[in-house]
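There are 2 protein chains.
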Amino acid sequence: MNLALLSDADFVTPDRAVLTGRRLTHLHEVLSARTGDTIPVGRLNGNMGTGEVTTLDDTRAELRVALDIPPPAPLPLTVVLAMPRPKMFRRVLQTMASLGVKDLWLIHSYKVDKSFWQTPWLEEDALTDNLVLGLEQARDTVMPSVRIRRRFKPFVEDELPGLLEERPGLVAHPGTDTPCPRNLTHPATLCIGPEGGFIPYEVDKLTAAGCHPVHLGDRILRVETAVPVLISRLYDAAEPA
Amino acid sequence: MNLALLSDADFVTPDRAVLTGRRLTHLHEVLSARTGDTIPVGRLNGNMGTGEVTTLDDTRAELRVALDIPPPAPLPLTVVLAMPRPKMFRRVLQTMASLGVKDLWLIHSYKVDKSFWQTPWLEEDALTDNLVLGLEQARDTVMPSVRIRRRFKPFVEDELPGLLEERPGLVAHPGTDTPCPRNLTHPATLCIGPEGGFIPYEVDKLTAAGCHPVHLGDRILRVETAVPVLISRLYDAAEPA
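Protein chains in written order, with UniProt numbering: chain X, 1 to 241; chain R, 1 to 241.
Keep in mind that the hints were calculated from the coordinates and are not lab data.
Note that the structure is predicted; figures quoted are calculated from it, not measured.
Careful, some of the hints might be misleading.
Since the list gives no way to pick out one identical chain from another, each pair is judged satisfied if it fits inside one copy or across any two copies.
[What the hints assert, rightly or not] The calculated EDC-like cross-link candidates involving lysine to aspartate or glutamate, where the alpha carbons are at most 20 Å apart (straight line), are:
(1) 114 to 29
(2) 114 to 57
(3) 102 to 165
(4) 102 to 218
(5) 114 to 62
(6) 205 to 15
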């Protein structure tokens with residue numbers, strides 16, 4: 001936690017917020033904070049700044065908050081991701097949030113085991129918790145939107161073409177000839193398949209919707225590695241487009 | 001496992017190998033292999049190709065092996081990594097192996113908790129097992145070298161300058177002005193700090209040894225995310241230098 005992310009409910013007055021739970025534990029155990037210390041804070045979907053610890057005990061901390069720094073720029077990237085296996089899903093969510101992805105669509109695909117959709121990590125509170133961890137890691141405040149589409153064909157036929165109008169599409173596909181482009185200066189939509197990849201029917205449907213298949217070279221990467229590799233290649237994190 | 005990696009001990013004749021243990025379980029449970037099937041195989045530090053399953057039961061599989069494809073190009077990159085916390089270390093090892101890092105140095109740093117050095121994942125067999133998992137994931141055969149240096153200063157003063165003669169050095173450091181370069185066409189050494197970063201004394205020592213501090217932007221990334229982001233930025237996985 002490189003930033004304590006405060007929600008509206010944490011504020012008791014416009015410049016005072018109360019921390020409890022996980023963030024209070026972090027204050028005690030990791031930061032060894034004391035009254036008078038200043039910690040980095042941010043307001044959900046708002047500015048970032050500092051919080052001065054004015055009172056602190058085992059049940060709550062009160063902070064005097066000054067927020068004057070805008071959050072880092074969002075990535076101009078929509079990610080369409082075949083639902084990963086649960087143990088990987090949590091980390092991928094946190095990674096996406098850390099990297100500045102603000103628009104994530106989780107879709108079904110032939111090689112997504114139906115059981116993956118049963119994971120409790122898909123419940124709204126769990127999604128939020130993991131996205132908050134990613135934002136707090138990276139020092140960002142802007143909550144990503146996550147949409148769930150459990151049927152491949154209706155999503156690709158009815159919704160994807162609309163997304164691609166604003167953000168042209170790429171599909172990461174090891175079987176193709178075109179290397180993934182670098183350093184885009186425009187927004188994009190990136191489709192990433194499951195372990196084992198999209199099947200040819202799915203690549204055809206994605207292509208028909210307007211996506212261009214691209215590859216990352218000979219190496220087959222796990223989804224949790226492919227995501228940061230692809231994003232780092234598409235956009236310059238140091239100077240976001 | 002996108003490739004079954006065979007060691008010398010697995011070969012019973014020059015073109016016949018026997019699988020047992022984890023790889024046999026994978027053959028049965030994931031691939032549902034049968035006699036006559038062909039699976040992708042590689043020889044440790046050698047070529048890749050195919051293995052035809054000639055006999056198969058619950059205790060062993062025998063393969064007729066043909067190896068005529070060279071492994072993917074190695075990354076021309078030496079990574080100097082402050083020892084990560086154990087639960088992250090295993091994944092980082094696998095990721096490094098998947099991405100083609102062949103030269104890894106694990107070093108101490110002020111913010112590395114001494115307990116991290118006690119992890120059983122540092123034992124030679126455990127290191128090898130995790131590197132093999134990364135190679136099998138990516139379809140590579142060339143085992144990375146891992147060297148362990150539990151004292152920062154002697155490494156940086158006595159060994160690092162020699163490494164930098166062949167491979168100029170960068171140190172990932174959020175506090176600096178220079179963005180991390182892209183698409184290098186020469187070999188390099190990349191130093192990556194622990195959670196919380198290298199302390200100023202350490203950055204000074206690394207700089208004195210010849211490393212250039214570079215940053216990745218405003219976002220603070222976990223080591224397991226920073227590694228693929230940095231590597232993808234430095235080298236084009238599709239067409240390695």
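Sort out which numbered hints this structure fails and list those numbers smallest first. When the structure is compared with the hints, numbers 2, 5 and 6 turn out to be violated.
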